[in-house]
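**Q** Protein chains in written order, with UniProt numbering: chain A, 1 to 327; chain B, 1 to 335; chain C, 1 to 331.
Possibly wrong hints are sitting among the right ones.
[As the list claims (entries may be wrong)] Here are the simulated lysine to aspartate or glutamate pairs, DMTMM-like style, with alpha carbons at most 20 Å apart:
1) K219/C x D101/A
2) K269/B x D67/A
3) K12/B x E43/B
4) K228/C x D67/A
5) K121/B x E84/B
6) K130/A x E148/A
7) K246/A x D312/A
8) K85/A x D236/C
9) K228/C x E174/A
10) K85/A x D121/A
11) K228/C x D121/A
12) K269/A x D10/B
13) K274/B x E156/A
14) K219/C x D67/A
15) K93/A x D206/C
16) K326/A x E243/A
17) K277/A x E197/B
18) K269/B x D216/A
19) K204/B x E43/B
20) K87/A x E133/A
21) K269/B x E9/A
22) K93/A x D79/A
23) K254/B x E266/A
24) K64/B x D10/B
25) K269/B x E242/A
26) K277/A x E92/B
27) K228/C x D86/A
28) K274/B x E174/A
[Said to hold, decoys possible] Footprint (simulated), chain A over chain C, 3 or more residues, beta carbon under 8 Å:
29) 223-231
30) 234-246
[Stated by the list, open to error] Computed Cβ-Cβ distance ranges for the label pairs, DEER-style:
31) T31/B x N315/A: 52 to 60 Å
32) N144/B x I65/A: 48 to 56 Å
33) I65/A x M101/B: 54 to 62 Å
34) M101/B x N315/A: 45 to 53 Å
35) V144/C x N315/A: 55 to 63 Å
36) D86/A x K148/B: 53 to 61 Å
37) T139/B x E266/A: 44 to 52 Å
38) E197/B x T324/A: 26 to 34 Å
Because the hints were derived from the structure by calculation, they are not lab data. Think of the CB as a built atom: it goes at the ideal place given N, C-alpha and C, for glycine as much as any other residue.
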Amino acid sequence: MVNSEVLLEVNNLKQYFHIRNNLGEKASVKAVDDVTFNIYRGETLGLVGESGSGKTTLGRSILRIYDLTDGRIKFSGVDITKLRKDKLLPYRKKMQYIFQDPYASLDPRMTVSDIVGEALDIHKLASSKKDREDKIRDLLKLVGLNTEHSSRYPHEFSGGQRQRIGIARAIAVEPEFIVCDEPVSALDVSIRAQIINTLEEMQERLNLTYLFISHDLGVVRHTCDRVGVMYLGHFVELVESEELYKNPLHPYTQALLTAIPEPDPEMAKKRNRIILKGEIPSPVNPPSGCKFRTRCPFAKDLCSQQIPEFKDQGNGHYVACHFTGKI
Amino acid sequence: MVKELLKINDLKVSFFTPAGEVKAVNGISYTLEPGKVLGIVGESGSGKSVSSYSIMGLIDKPGKIVWGSITFNGKDVSAMNRSERLNFSGNEVAMIFQDPMTCLNPVFTVGNQLAESLRHKYGKISKEEVRKRSIELLTLVGINVPEKRLSQYPHEFSGGMRQRAMIAMALAGAPKLLIADEPTTALDVTIQAQILELLKDIQKKTGMAIVLITHDLGIVADMADDVIVMYGGRIVEQGSVYSIFHNSRHPYTKGLIRSLPDLKKRGEKLIPIKGNPIDLLNLPKGCAFAPRCESCLKVCINHMPAEYATEDGHRTACWLYDERANNSGEVKNNG
Amino acid sequence: MREMDNTAVLENKLFMPATESEKATVEIMRPSVGYWKDAWRRLRANKVAIGALVVILLVLLAAVIGPMLSPYKYDQIIKGSENLSPNVQHIFGTDSLGRDLFTRTMIGARISIAVGVVAAIMISIIGILYGAVSGFLGGWADIVMMRIVDIVYSVPTVLIVILLQVVLKDPIDKYLSSANSPAFLKGLGVGLISIFFVLALLYWVDMARIVRGQILALKEQEYVLAAKVLGASSRDIISKHLIPNCIGQIIVVATLKIPEAIFVESFLSFIGLGVSIPMASLGSLSQAALKGIYSYPYMLIFPAATISVIILSMNLFGDGLRDALDPRMKK
Chain A
1 MVNSEVLLEV NNLKQYFHIR NNLGEKASVK AVDDVTFNIY RGETLGLVGE SGSGKTTLGR
61 SILRIYDLTD GRIKFSGVDI TKLRKDKLLP YRKKMQYIFQ DPYASLDPRM TVSDIVGEAL
121 DIHKLASSKK DREDKIRDLL KLVGLNTEHS SRYPHEFSGG QRQRIGIARA IAVEPEFIVC
181 DEPVSALDVS IRAQIINTLE EMQERLNLTY LFISHDLGVV RHTCDRVGVM YLGHFVELVE
241 SEELYKNPLH PYTQALLTAI PEPDPEMAKK RNRIILKGEI PSPVNPPSGC KFRTRCPFAK
301 DLCSQQIPEF KDQGNGHYVA CHFTGKI
Chain B
1 MVKELLKIND LKVSFFTPAG EVKAVNGISY TLEPGKVLGI VGESGSGKSV SSYSIMGLID
61 KPGKIVWGSI TFNGKDVSAM NRSERLNFSG NEVAMIFQDP MTCLNPVFTV GNQLAESLRH
121 KYGKISKEEV RKRSIELLTL VGINVPEKRL SQYPHEFSGG MRQRAMIAMA LAGAPKLLIA
181 DEPTTALDVT IQAQILELLK DIQKKTGMAI VLITHDLGIV ADMADDVIVM YGGRIVEQGS
241 VYSIFHNSRH PYTKGLIRSL PDLKKRGEKL IPIKGNPIDL LNLPKGCAFA PRCESCLKVC
301 INHMPAEYAT EDGHRTACWL YDERANNSGE VKNNG
Chain C
1 MREMDNTAVL ENKLFMPATE SEKATVEIMR PSVGYWKDAW RRLRANKVAI GALVVILLVL
61 LAAVIGPMLS PYKYDQIIKG SENLSPNVQH IFGTDSLGRD LFTRTMIGAR ISIAVGVVAA
121 IMISIIGILY GAVSGFLGGW ADIVMMRIVD IVYSVPTVLI VILLQVVLKD PIDKYLSSAN
181 SPAFLKGLGV GLISIFFVLA LLYWVDMARI VRGQILALKE QEYVLAAKVL GASSRDIISK
241 HLIPNCIGQI IVVATLKIPE AIFVESFLSF IGLGVSIPMA SLGSLSQAAL KGIYSYPYML
301 IFPAATISVI ILSMNLFGDG LRDALDPRMK K
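Next comes chain A alone, as it looks inside the complex (with noise of 0.2 Å):
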């Protein structure tokens, strides 16, 4: 671990949205349902999960996006669980978002300087006119943008271009941590490593904490120092990464690692994949007890019946599940 200090204390967070259903009676979403996790300063926290898992649900509501149904976060020791809108804005600044979609997350109709000086104008970090125009050209810079095309819009960009745009956003309010929300998922694969190490740069020359929300498992390995699991709005596993790839406790961890495609012929037709069963619950009305123990192959009837608990099985590896150890 790069620092034992806690940079972002979540408690027993849950966030639940209500809708109709299609016959108009009143139900709720558990998006994210009791939560607890710590983010350390300067590390890469992962989270996996399916869609419908609550892992870009869980991202937004840290940042405070929505209002909480409940629990509790800490930044740097500050509950900011409250906040009203002009207190919270100063840890808007520190806590920022990248987003998963390059074309729905820039404004149209701004030029890329606009974008990015948007961001400087509302936290006033820019003192004259002139200041600002140097910082965004340095921005753009350090993302490694051609400068010259900061008078031009989004849309005549490629993806990678317009990821590298939205994180010079992002760090144009020089915050501690970011949510980096699938920031590779929609790029072209040729693409894609060059935006991991763009964010990894960032990371280093600037300090910043992570939280990388991903379903491919392969981009988690190589970017996060932990890996949380997510089920249906819980945390199934979380440890660090290189112990979850060798030594998932979880079954639900086990089946996504061997399902994930592996780029090499050879060992793609001799693996053994643990295929699920059927998929993911709707969140309206989970499973009782263990939240997987519709799709996991070990199921008994212990899992329908009580919650297992989220437990430490000694080195800092978390595991939500009633067999671990005998599976």
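Starting from the known structure of chain A, arrange chains B and C on it as the hints suggest.
**A** Then chains B and C, alone, in the frame of chain A:
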């Protein structure tokens, strides 16, 4: 030598947009033998989907096949008359897509739609026969309680189930060739694994050939016998899956495989391919990959590379494999 | 191999590594095409819209400088020249009081176009503000605000004009006769002022609905979320992100509101609720012509044709503008 099932010769497809001619496919040739799985890899704009859409006759205005021929089972596809064409698409070749809702009609039950596909193949068959075969098909694609599922509408199916239903419809005509266009891209990894296993399983049972279009090298490694790598509307490299992965020759393929994070551990820098994806409206005169290529030669900039083949049928469109490139003292970087 | 024939002629020295600058020559970014430039390119390609634009400009030119060039004033009564058919001195003829019809028609066109443009501006201001607030707030505020829109939508126009004229007549008269009222308002009269009131009060609802719908869709966009994460205020989000992104549609709706307002004004003037004499509008001219329609049909034809030309060309231009500014809306 087995007679080839599909033969594509110098196919060129262009889209005529107000901003100019977009050469989506720019002269590709390949053959596919019966029962084989061919993986076509490329990024967006490489022409991988367009080339396969043209087999099915799915190129609409402003797109047009401007050159080349497609031969299926010895018959020229473009010369087919209406009834041959109808029989061809669906019964000889079927296609599945990334989004199953492109195939499934939301206002008909899945059973209805399966029945339509079956009648398209077998003409007038009895209701009982249709029902029996529909249930067989749904069972084949791994849908539980098929009797109940037949009377349901597509929106009552989950994402993975819709994908299965679409595959069942494609299989209804017992095609000799299945074209799968990014069939698992929209799915989660665990569902992707299910669908890939299913495709393998069906391929084994029916012996049909599959053209699998994807951007994911992992899927290709897992599924394909032969691989075509496309870039900028052209085939840059083709060969058996083993030779493509273990002995790739084109700098683009090499770069792609090298840039994958899966093989690297935390802390090591990835080795990306430099530069930006090509602009199809503004294709270079020579090799489309030249501006991003680390081993680019002077000749690459203005001259389209010729194809160089090895004995095992591995073909590469790259000037680096010209004799003169060796003679001029250029040391090839095999890294 | 197909290309083999010509590759043999390539010189050996070409097979040397290329320099970075040689590689760079291939990769040039296309020249920048802004949104407006692109829209203008699409508009120019639309012959009907450009034709309509030319007609609009011609009518506008005639309405602005036509009366100045004419030797007659619009309210000048020429004794002995009553009911003249079109001739060299009076190309549109004269009316029953001996006033030059060409001058009066041009003045009428000027009034009509002014009504249309001013009304469109008022409609836009009210509609954009109302729609943006309703769409941005969402929830209950949105529901209440939209029900108000529905109510306004269902109010009959003519009834309101008559009511307003009755109610407003006294206060406006008082205001107009007071010393500090602007001179141009005096020229308009109670009728025209209440038409403005009607247009502003009743016709903003379409604009509000369209802006609201756009804002509702746009506020879910990720770039709006990005602005929120940066800490942007709601006002900044509306004015810097939401409104600029529906400006194309706003312009289209505003353009199409001009002919609608012209039509309403002409219609109300025609039934005698519009401009007061001796001021002319295309509607009041048509109405005056009705009395002698069998003997002097030209008196009706010229103003009526002018209304038709203005409304038709405005509508055609508006449609072209829609296709150019918002290609997705094209059916």
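**Q** Look at each hint and say if it fits the structure.
**A** Checked hints:
no. : hint                        : verdict
1   : K219/C x D101/A             : holds (16 Å)
2   : K269/B x D67/A              : violated (38 Å)
3   : K12/B x E43/B               : holds (18 Å)
4   : K228/C x D67/A              : holds (14 Å)
5   : K121/B x E84/B              : holds (12 Å)
6   : K130/A x E148/A             : holds (16 Å)
7   : K246/A x D312/A             : holds (17 Å)
8   : K85/A x D236/C              : holds (14 Å)
9   : K228/C x E174/A             : holds (16 Å)
10  : K85/A x D121/A              : holds (17 Å)
11  : K228/C x D121/A             : holds (13 Å)
12  : K269/A x D10/B              : violated (33 Å)
13  : K274/B x E156/A             : holds (19 Å)
14  : K219/C x D67/A              : holds (17 Å)
15  : K93/A x D206/C              : violated (40 Å)
16  : K326/A x E243/A             : holds (18 Å)
17  : K277/A x E197/B             : holds (12 Å)
18  : K269/B x D216/A             : holds (18 Å)
19  : K204/B x E43/B              : violated (28 Å)
20  : K87/A x E133/A              : violated (28 Å)
21  : K269/B x E9/A               : violated (30 Å)
22  : K93/A x D79/A               : holds (16 Å)
23  : K254/B x E266/A             : holds (18 Å)
24  : K64/B x D10/B               : holds (14 Å)
25  : K269/B x E242/A             : holds (17 Å)
26  : K277/A x E92/B              : violated (32 Å)
27  : K228/C x D86/A              : holds (13 Å)
28  : K274/B x E174/A             : violated (27 Å)
29  : 223-231                     : holds (count 8)
30  : 234-246                     : holds (count 5)
31  : T31/B x N315/A: 52 to 60 Å  : holds (56 Å)
32  : N144/B x I65/A: 48 to 56 Å  : violated (39 Å)
33  : I65/A x M101/B: 54 to 62 Å  : violated (30 Å)
34  : M101/B x N315/A: 45 to 53 Å : holds (47 Å)
35  : V144/C x N315/A: 55 to 63 Å : holds (58 Å)
36  : D86/A x K148/B: 53 to 61 Å  : holds (57 Å)
37  : T139/B x E266/A: 44 to 52 Å : violated (33 Å)
38  : E197/B x T324/A: 26 to 34 Å : holds (28 Å)
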